Amino acid sequence: MTNSKTKVEAPRPDRRSFLRATATAAGGLLVSLYLNNAATAQEGVKPEQIPPQPKKEYPPDAFVRVTPDNKVVIQVNRLEFGQGVQTALPLILADELDADWSQVVAELAPAADVYKDPLFGIQMVGGSGSIAHSYQQYRELGAKTRAMLVAAAAARWNVAPDKCRTASSVVHGPAGQSLKYGELAAAAARQPVPKTVRLKEPSEFKLIGKKVKRLDSRAKCDGSLKFGIDLDLPGMLVAVVARPPVWGAKVKRFDDRAARAVEGVREVFEIPVTRGGTGVAVVADKFWPAKRARDLLKIEWDDAGVERADSAKLFEQYRQLARRAGLSAAARGDAKAIERVAPADLLVAEYEFPYLPHAPMEPLNTTVRFDGDAAEVWAGSQFQTLDHAAVAEVLSLKPERVTFHTEMAGGGFGRRAVPDSHVQRESAAIAKRFKGTPVKLVWSREDDIRGGYYRPMHVHRVEIGVGRDGLPDAWRHVVVGQSILAGTPFAMMMKDGVDNSAVEGVNDTHYAVPNFNVSVHHPQVNVPVLWWRSVGHTHSAFVMETLIEELATRAKMDPIAYRRRLIRPEPEAKKLLSALDLMDEKSAGWRNRLPKGHAVGFACHESFGTGVACAAEVSIRNKRPLIHRVTVAVNCGLAVNPLTVESQFQAGVGFGLSQLMAGGAITLKDGVVEQRNFDTYVPPYMPDAPVAVDVHIVPSADAPTGCGEPPVPVISPAIVNALTKLTGKRYRTLPLVAV
Amino acid sequence: MAKYQLNVNGERREVSVDPSTPLLWVLREDLKMTGTKFGCGISACGACTVHVAGVATRSCVLPIALLGERPVVTIEAVAQDPVGRAVQDAWVEKDVVQCGYCQSGQIMSAVALLKHTPKPTDTNIDESMGGNVCRCATYVRIREAVRAAAQKLK
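Chains as they are written, first to last, in this note's numbering: chain A, 1 to 739; chain B, 740 to 893.
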C-alpha cells in the first residue's frame, strides 16, 4: 500500500518462532509454525514498530497437512481474489517439499495470528506483498516438512536420511525402497521439526519459475466454486441496508409498513453505518424480498451539519491549493531555482483526477452468525485481522470467541482492505438481532458504486524549468488529495503530516532533476477514500510519464532514449532500466512499422519494487482510443510463476484503462454521488481493452517482488502519449471524455 | 407468491416465489444453483448470463413470470453439450480466469456465440462478448480461449 519502494528482503523465521508438529486425528501430518513473539501478538502492529529482530523480520504462521491418501493440503495465509496467490504460495511450498503437484490442495486460511503478514504485522493482502513477504516462509515450511518425511522413512528403513531422496510425494531409499508421503505422514508427525534446513538451489526448482496453471480454474469455469456471496447456511437470512444519501446523515424517521408487507421480510430496523451515520436494515429470507422491501421504505434523513461534497467545487478548491506549496514530500537542490526560469523555458501543467470506485465483480458481502457467547464470520477479506476484531467489538466478544473464515472473493482491487471494516460492522450489527441465525449482508451494485471508499480525487500542478540540454533542471510539483491513511489505524505511517500514498511515484522518481521539490496538501472532505490498485501510482505515473514524453518531444529526442538519459544511473533504478531496455527490444519490430493513423506511446514506472515499461499502439475510432497492441516488459525479480505474471500484466493493463473510460469516474453533486451502477459508472468492456498484450519478463534471480499492482500505472500514460501524437492535444484531465 | 414449473438443465423444477423475482434469484436462492452470478441487477455486466431457449439471456432482469415454458441452461450443466465442454476446456487450457466471478457469464456468452457462429471473426467475438464485464480485464485470454474453442470444434 505505501512505502512501495521500500526494498524488502525475503523474511526469515524469527528465532523465537518454532515449528510444532502434531498428529491429526486422521493420522496425517500437521506442521504448524507457531509464533511466540509479543510484538506480533498485538493487533495492527506495523513493521516499523516491531523491534529489530536478530534475523530480520519473521513470517507468520502457516501449515501443511499430508493426508494418508497422499494429498498435500496447504493453507494460504492470504485472500485469493484473482491475483493467483492461492496457486503461487502452494507451488513454492510444494517445490521444496517435492510434492506431487497434482495432489496439492490449497485452502484459504481463516483469521489467526499465525497467518499474519510477517512485514505488515496483520493478516492482509496489500502492497503487492504476498509473494515478496512469504516466499522464504513457504519454502522453509516445505523443506522442513520434507525433512520430517525423509527422517520417518530413514528410520523405518534404518538408513541415513541423507541416503534418501524425494520426488513427486515419494521418498526413495538407497536400496530401491520407496514410500509415499501419505504412508509416512503419521510417523513423520512424531519426528522433531528441524531447526535449520537446506533450501534448494534455483537449478533444482521443479515448480518455482515454471509456468504453472491456476489450481482454481476448473471450479471457476463450471460454476462449482463458492464465493462469499454464494454462501448458503441452514436457516440463513439475507440483509440489505438503506444507507444515507450523504455520508454521516442519520435516519430521522422511517415508514416501513409497505416494506414489512413484502412476503419473506423478517425485520426492519435502524443500524449504525459508516462515518457516524445510520441506515435501515431490511432482513428477509432471501435477497429479492429484502431488496423489494428496501425499495418500499420511506426514510426521512437528518443531514444537519453534514458536509455535502461537490466535485466541481472541490476541483476549484484543489486548483487554488495547488498554487501554493504544501507539506514537503521531497526537496533536492535549490527550491528557488524554478522561480528563475525564463518563461520560454517553463512548462506548467495542471492535472485533474476524479474519484474512482473499485467495483469488484462480486458485490461486497459478509455473513455473520452470532451465538451469544461466540460468533462465526464468513468474508472475502483483505484485512482479516482488522475485520475479525471489528466483528468481535460490535458483538462485545473477545476475538478468540469469533471464528473468521476467509471466503474466495470476486475481485477487490483494494476495496476489501478497509481500515474501518464498515461492511463487517454493519453485518455484525444486523446479526446481533438474530441470535443463532446466520445473516448474509449483501451490498447491491448501487450500494457499491454510491458507497464511497473511492480512490481520492487529485489535482497535480507541475512547473518544470527546461535546461539547455532539453532535460528538466528545476521541478516544482504540488499534489492535492485526501489522505487515505489519516484517521485510520495506519495514520502512524504518515510522516510530518504527509501521506506518502498521495505522492509515491513522484517524490521517489528515478528521474534525475537537480532542483526537485514536491509538496502535498491533504484537504479533509466528507467522502470516504481508499487505496485503489496501485494507490498513488494511479495518478502519479500518469503525470510523470505524460510529462516526460512531452519533455522528450520538446527536446526533439526519442522518448525511450530521453528516459534512459534521465534515469539516475544507480543500482535502485536497475529494475526500471532493465524493463525499459527489454520493452525497447521487444517492441522495436512493430513500432517502427506502424500503419497510417496509428501511433505508439510509451511509459515506464516502478511501483512496489517492480520495474515496468510499456509501449502501446493506438488509433482513434469514434473519438475513443482503439488499442491494437501493448508490449509490456517487467522486472519483478524472480518470477515465481511466470504464467501468473503474464496474466496479471495482460489483464492488469486492462484494469488500468478504467481511468481512461469516458464514464470512468465518480462525481458528487451537492453531496450525492451522481453514478449508480454500471450504466453510469462504466468500466472497460472487451472492445475497450487491448486486442493483444505481449508480456516479457526480465530474467532475474533477485528476491521476488509483486505483480498485482505494478501493471496498472503504465497503461494510461502510454495510451495518452500515443493519442497526443495523433491529435496534437494534451490530455491532463481524466477520465478521457472525448479524444 | 405463485407457483412456477421450470425446466432447468433438463429437469423439471417447481418454485413458489413472487412473480417479480428475477430468474437469477430463483436459480441462486430457490434452486441453490449459485454458479450464475449477481453482478449489477440491470443487465449491464453479463455475470448472470444463462441460456433461455438457447439464447444468451441476462437472468437478473427476467422476471420468473415471463419465463414461461422456455428451457433454461446454466453454467452447471453447460458442459453436457459438446460446445459447452469445449469452451470450458479452452478456458482452463488458456488459464483465463483470475478472480473468476464473471467467468460463468463469459462462458455462457461464448457458448451461445459458438453455437450460432462456429467460426467467429474478431468482430463477432467483440459483439457477442462485448456486454460481459470482467473487472480483472482478462479480455485478451477470453478472446484467445474463444478462438481456441472454435478451432477445437471444427
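Everything labelled a hint here was simulated from the structure, so no lab data went into it.
Among the hints, erroneous ones may be present.
So the derived list for chain A, only partly shown, Cβ under 10 Å to chain B, looks like this [to be verified]:
#1 F81
#2 I229
#3 D230
#4 K291
#5 P687
#6 T727
None of these values were measured; they are calculated from a predicted model.
Beta carbons: idealized from backbone N, C-alpha and C, even for Gly.
Comparing the hints with the structure gives:
1. F81: Because about 5 Å separates A/F81 from the closest Cβ in chain B, which is inside the 10 Å limit, the hint holds.
2. I229: 7 Å, holds
3. D230: Cβ of A/D230 sits 4 Å from chain B, so the hint holds.
4. K291: 8 Å, holds
5. P687: Cβ of A/P687 sits 5 Å from chain B, so the hint holds.
6. T727: 24 Å, violated
This entry does not satisfy hint 6, going by the numbered hints stated previously; all others are met.
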